[in-house]
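When you line the sequence shown up against my numbering, it's residues 1 to 613, in that order.
Don't take each hint at face value.
Unchecked claim - Using 30 Å as the maximum straight-line C-alpha spacing, the simulated BS3-like pairs for lysine-lysine come out as follows:
no.: 1; residue 1: 350; residue 2: 360
no.: 2; residue 1: 416; residue 2: 385
no.: 3; residue 1: 268; residue 2: 126
no.: 4; residue 1: 360; residue 2: 97
no.: 5; residue 1: 126; residue 2: 97
no.: 6; residue 1: 350; residue 2: 268
no.: 7; residue 1: 385; residue 2: 494
no.: 8; residue 1: 350; residue 2: 97
By construction, these hints were calculated from the structure, which means they are not laboratory data.
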Amino acid sequence: MSRNSIKTEPDSNVADRVQGLVGRDEGTLRVMIVGDSMTQGKEGDYTWRYRIWEWFRAQDIAVTFVGPYTGTVQPDPAEPPTPPPLYGEETASDQPKTSGGYAADVAADFDRHHFAVWGRAAAVDKGLIRDVLGANPADLMLLMLGFNDMGWFYSDAPGTLDSIQTLISNARTVNPNLKFAVANVPQRSFIGGREDLPISTNIYNALLRDAIPEWSTTDSPIHLVELQENYECEPSACPVGYDGLHPDAAGEYQIARAFSLTLVNDFKIGSSPLSVPDSIPARPLPVPSNFQVFSSATGVTATWDSVYGAYSYDVSSRIQGGITDFSAGSVSAARWDSTWPEDGWVYEVKVRASAGDNIKGDWTSVLSATAHPQTAAAPRNVVVKPTSSGFDISWDPPTGAYTDSIIEYNVLYWDKSEDCSYITGGAFTGTSGHIDNLTPGHYYFLAIETWNAAGEGFPEVVTGVVPGAGTPSTPTDLTIVANDPTTIHMTWSKSADAAGYRLWSRNVNDPGSVLTAQNATVETTCSDQYFLFPGTWNYEWCVSAFNGDLESPTGTCVVAPSPTAGGGAGQYCPSPPAWCPNGGSAGGGGSGTGSSTTSSSRPDVASRHKWSL
1 MSRNSIKTEP
11 DSNVADRVQG
21 LVGRDEGTLR
31 VMIVGDSMTQ
41 GKEGDYTWRY
51 RIWEWFRAQD
61 IAVTFVGPYT
71 GTVQPDPAEP
81 PTPPPLYGEE
91 TASDQPKTSG
101 GYAADVAADF
111 DRHHFAVWGR
121 AAAVDKGLIR
131 DVLGANPADL
141 MLLMLGFNDM
151 GWFYSDAPGT
161 LDSIQTLISN
171 ARTVNPNLKF
181 AVANVPQRSF
191 IGGREDLPIS
201 TNIYNALLRD
211 AIPEWSTTDS
221 PIHLVELQEN
231 YECEPSACPV
241 GYDGLHPDAA
251 GEYQIARAFS
261 LTLVNDFKIG
271 SSPLSVPDSI
281 PARPLPVPSN
291 FQVFSSATGV
301 TATWDSVYGA
311 YSYDVSSRIQ
321 GGITDFSAGS
331 VSAARWDSTW
341 PEDGWVYEVK
351 VRASAGDNIK
361 GDWTSVLSAT
371 AHPQTAAAPR
381 NVVVKPTSSG
391 FDISWDPPTG
401 AYTDSIIEYN
411 VLYWDKSEDC
421 SYITGGAFTG
431 TSGHIDNLTP
441 GHYYFLAIET
451 WNAAGEGFPE
461 VVTGVVPGAG
471 TPSTPTDLTI
481 VANDPTTIHM
491 TWSKSADAAG
501 YRLWSRNVND
511 PGSVLTAQNA
521 TVETTCSDQY
531 FLFPGTWNYE
541 WCVSAFNGDL
551 ESPTGTCVVA
561 PSPTAGGGAG
571 QYCPSPPAWC
581 PNGGSAGGGG
591 SGTGSSTTSS
601 SRPDVASRHK
611 WSL
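From just these sequences and the hints, can you work out the full model?
This is how it looks when you write it as structure tokens:
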């Protein structure tokens, strides 16, 4: 008999099975659904919990869903930007967000109780399940955890299996007769830099399949839910996931069907499994109303009325007189604030509601406003020193307008030796700080910004750093090619321990000219220089290497040549490597619940704001 072949039993037999599962006189099956973001859902979702509840009702099975929570994740409130937490300060352990609503047409008598929390891992729930079951007794547990354990580095596949086993053992101390339907872990669309995840998922699922018969007992049976096999989500594509993992309306049905198959086939509860409809209504996402764009203390702010069921909002903006194309962004609440504006910039903005990668509403009209920010300038005289596993940084406070309301300074650091990494921030109230627990030998791009009562000011890029390294060796083998009379291409040998390179030049035909550092530094052993009037042959060039404020002497200086007649095509530095060369995103799956000092996740900050790298 195939997995989807169902033997239909008379209703009286089904009732007997339910009564045996309950083991009480009441005859109502108490079901606790335990899960993470895929189970809890966001406001406006039906959730697979609702679809399995509908199935129980259609099968005439009396159930009560139990658990401490009743809601989905509610939207973030629309608030002005807030300063990031101080470095090393653990953010308060917030209560789970569980006050969100469901799709508008969910039945009024839907039993919403559950124990599913966004970002939750089995490694966490195994320590909570005793108290939760003690307060919310259950006969049957529908368990769907494990992705976050491996996705957010709580554990590897064997460690995740151990957490699931411990959770079951701890639950049995409350109810030795508790029954379990345990789902394996679905795959998700491929994430660049996480080649391990599909492999770990397959290993875990194989281990779980072998372990469940060993864990199962006569009094407390456990049966596998083949979620991966019934949920259309793979590294190559995830048509039922709105973001490559989390279920859309079709995915919710598929998860509920997977559980119903186990209930019917293995627990003999119900006479037929849930069927996924051929047609599922589209999620309503109207155009945001009351859309306004106006000048504010942060520069320019846009607000609008929240759209029920929107996970986030796509914001498209551009600066008049700048790049003609609109820049795409996203916010989680019904408010957008310009980041690092300059006084007098005119922003054009439009917005639409979004519920994942492909579910979008229509755009608003384009509105504009002029920025007059009241933010403070960046600190001055910044000094950076590498340490064995991080760096020390100090600075002088800025002076001038709006510096009388400074709250803190945020040090931004970005591991550019690691594909798909994000910019992270560490905030300090004084004029110095120490960042630790970085990867020795990796290059970190650094900048610092000031937060005052209005928000974050424009950052200052400072010398990058390589933790665990000292003063770099002097650059050698400087070679210069003239592409045309005013353009040169320079290369040199890599210096050990270098975070970057500084270029120096002087006009050899000007008696008073001295070597002067260029304003911009470079990260690679290549640089193209343009507009060298009155001609390339007038300039002598040298290169030094730095690691924070530790800097080598300049290497041997070279006078740029004149272009060679008939020299062919010019030579130019290669384009910077892709942020995430294998595609995808560094996130996904719902974050873990640990503390964080991250204040920024901007992989393209430098390019968007034309910082010199």
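Regarding the pair residue 385 and residue 494, is the alpha-carbon distance no greater than 30 Å?
Holds, at roughly 21 Å.
Quick one, are residue 360 and residue 97 close enough, alpha carbons at most 30 Å?
Roughly 24 Å separates the two Cα atoms, so the pair holds.
Please work out if residue 268 and residue 126 have their alpha carbons no farther apart than 30 Å.
Judged against 30 Å, a Cα distance of about 28 Å means the pair holds.
Between residue 350 and residue 268, is the straight-line Cα distance small enough, at 30 Å or below?
Not OK: residue 350 and residue 268 at ~54 Å, beyond 30 Å, violated.
Does residue 350 pair with residue 360 here, judged by a C-alpha cut-off of 30 Å?
At roughly 14 Å apart (the allowed maximum being 30 Å), residue 360 and residue 350 satisfy the hint.
Just to be careful, I want the Cα atoms of residue 126 and residue 97 compared with a cutoff of 30 Å; is the pair within it?
The given pair, whose Cα atoms are some 20 Å apart, holds under the 30 Å limit.
Checking one constraint from the list: CA of residue 350 to CA of residue 97, max 30 Å. Satisfied?
holds, 29 Å
Distance restraint between residue 416 and residue 385, which requires alpha-carbon spacing of 30 Å or less
Roughly 18 Å separates the two Cα atoms, so the pair holds.
Hint 6 from the earlier list is the only one contradicted by this structure; the remaining hints agree with it.
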